[in-house]
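Model the full assembly from the supplied sequences, consistent with the hints where possible.
In case you want the letters, here they are:
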Amino acid sequence: MNPSLTLATAGRVLHQLRRDRRTIALLLVVPCVLLGLVAWMFNATPQVIDRIGPVLVGFFPLLVMFIVTSVATLRERTGGTLERLMTMPIGKGDFVVGYAVAFAIVSLVQAVVVVAWAIWVGGMDVTGPLWLMFVVAVLNAVLGCALGLAASALARTEFQAVQMMPAFLLPQLLLCGFIMPRDQLPQVLEWLSRVLPLTYAVDAMQKIAVGGGWEQTRGAIGVLAAFIVGAVALGTTTLRRRTP
Amino acid sequence: MCRRARRFTIHHVGNSTVAPAISIKGLRVVRGKNLVIPGLDLQVPAGQVVGLLGPSGSGKTTLMRAIVGAQVVEGGSVEVLGRPAGTAELRRRVGYTTQAPSVYLDLSVAENLRYSAALLGVGEDRVQATLVDVGLAGFDKRLVGTLSGGELSRTSLAVALLGNPELLVLDEPTVGLDPVLRRDLWELFGRLRDAGTSLLVSSHVMEEAVRCDRLILMRAGGILADGTLAELLARTGAPDAEGAFLHLVDEANAAARGDAA
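Residue numbers (this note's numbering), protein chains in the order written: chain H, 1 to 244; chain A, 1 to 261.
Since the hints were derived computationally from the structure, they do not count as laboratory data.
Quick caveat: nothing in here was measured; it's all calculated off a predicted structure.
Any given hint could turn out to be false.
As the list claims (entries may be wrong) - Here are the simulated distance ranges between beta carbons: (1) Glu89/A with Gln160/H: 57 to 65 Å; (2) Gly237/A with Thr237/H: 49 to 57 Å; (3) Gln160/H with Gly243/A: 32 to 40 Å; (4) Val30/A with Phe159/H: 22 to 30 Å; (5) Ser148/A with Gly222/H: 47 to 55 Å; (6) Arg93/A with Ser4/H: 16 to 24 Å.
We put the CB at the ideal spot given by N, CA and C, even for glycine.
Below is the structure:
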């Protein structure tokens with residue numbers, strides 16, 4: 001790997017994204033609309049937004065980056081651009097990390113917009129440090145990006161790539177402690193929830209919301225970082241210089 | 001006469017003193033359940049424009065993918081510029097265009113080229129020079145998705161030329177171009193050859209044979225013929241490349257029937 005090639009790739013991905021107004025709207029507007037909807041639904045019980053808000057702030061980057069990356073890299077696989085890139089002097093790691101860096105930057109913007117919206121418009125209370133919330137959001141985006149890249153290897157069309165999303169992400173959302181506290185889950189599902197990365201992201205977000213700082217969340221953030229390393233490695237192994 | 005004599009000289013030099021650009025022995029490729037290339041031997045001389053001709057489905061793309069190291073191969077050896085195909089060092093020395101233009105439609109022409117230039121470690125001067133070479137000067141800011149088919153394939157060609165590679169492997173670079181652009185591109189290939197580049201250019205249009213220093217005719221994953229156009233015409237008595245191809249196919253079929261009987 002070579003930092004200048006990684007950054008060139010990240011810059012290229014950002015250039016592509018800049019032209020794609022609809023995706024930018026998907027990244028920034030849709031999460032705000034959904035959060036606004038939740039805040040409105042539970043207008044009478046404001047403590048609900050305090051519980052749901054942080055979970056959504058953690059989940060959006062994972063969801064959106066998964067979809068965007070799986071479709072974008074599938075397009076590279078089927079369009080011939082990846083085939084030629086793999087015959088050029090770029091490392092596979094440069095490609096994967098380049099994508100991750102680009103979407104980490106985008107997700108930081110997303111996290112700032114969404115958190116600001118949730119706090120000032122939705123009335124969400126965050127007692128812990130905001131910067132830590134941004135850190136977790138960005139980590140989730142990078143994770144979504146690497147998982148999306150790996151998932152794109154299993155799909156043949158963009159339609160199939162989008163269909164991977166429920167398979168990869170919905171089980172995580174169901175078991176992460178958002179719908180039912182994890183300690184009330186059946187034992188087997190509780191064990192299962194421990195091997196899913198979103199569990200740790202939500203855990204960290206919920207702790208930050210009620211006043212937790214680095215001390216309380218570093219364990220969950222460490223696990224999340226380990227998942228990212230694994231997902232990037234997985235994404236990298238799905239790239240092949242030679243294809244059948 | 002003069003052209004023929006010059007060709008003969010280059011041919012001679014290519015085969016006797018200069019190492020071949022590509023050397024393939026016993027190449028076997030299986031794609032899915034199909035044996036696409038059952039066992040192929042080939043030498044491509046350096047410093048020439050070599051045309052890889054044959055109908056679609058004859059294995060041209062698979063052979064080119066094997067040469068640039070993008071194809072999983074079952075067996076055999078492929079050496080490119082004296083190194084095994086796909087070696088890291090070759091990624092700077094070999095330029096490649098796929099059949100579908102492998103460029104980003106949502107970037108401008110210049111953004112596409114600058115990204116590849118960054119990967120190859122070449123500067124803005126090469127970007128501009130290459131745009132002139134492929135006849136796209138002034139197209140810098142055009143979004144690739146809005147280009148015509150011919151402009152698109154020339155953008156893709158420009159990416160392959162950026163790093164001044166020693167070997168160019170071009171998969172159907174002239175498909176869908178009007179006659180003027182086709183002539184311009186073949187003239188560009190000639191200039192690159194004169195500057196010392198080796199080129200392997202595929203086409204399914206037999207008329208393009210006259211533009212090549214040397215021809216490789218492919219059919220059903222094998223080499224039907226390999227030589228200069230003059231040699232092919234002399235051997236088959238055909239008036240043009242298409243006639244020579246048909247003659248050789250008939251000959252091969254007759255031989256196969258003879259074997260079976």
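Results for each hint:
1. Range check, Glu89/A to Gln160/H: Cβ separation about 37 Å, and the 57 to 65 Å hint is violated.
2. Checked against the hint of 49 to 57 Å, the C-beta distance between Gly237/A and Thr237/H comes to roughly 55 Å, which is consistent with it.
3. The hint said 32 to 40 Å for the Cβ distance between Gln160/H and Gly243/A, and at roughly 46 Å that hint is violated.
4. Between Val30/A and Phe159/H the beta carbon distance is about 29 Å. The supplied range of 22 to 30 Å therefore holds.
5. Evaluation of the 47 to 55 Å hint for Ser148/A and Gly222/H yields a pass: the beta carbon distance comes to about 53 Å.
6. Distance hint for Arg93/A and Ser4/H: a CB-CB separation of about 20 Å, consistent with the stated range 16 to 24 Å.
Checked against the numbered hints given earlier, the structure breaks hints 1, 3 and satisfies all the rest.
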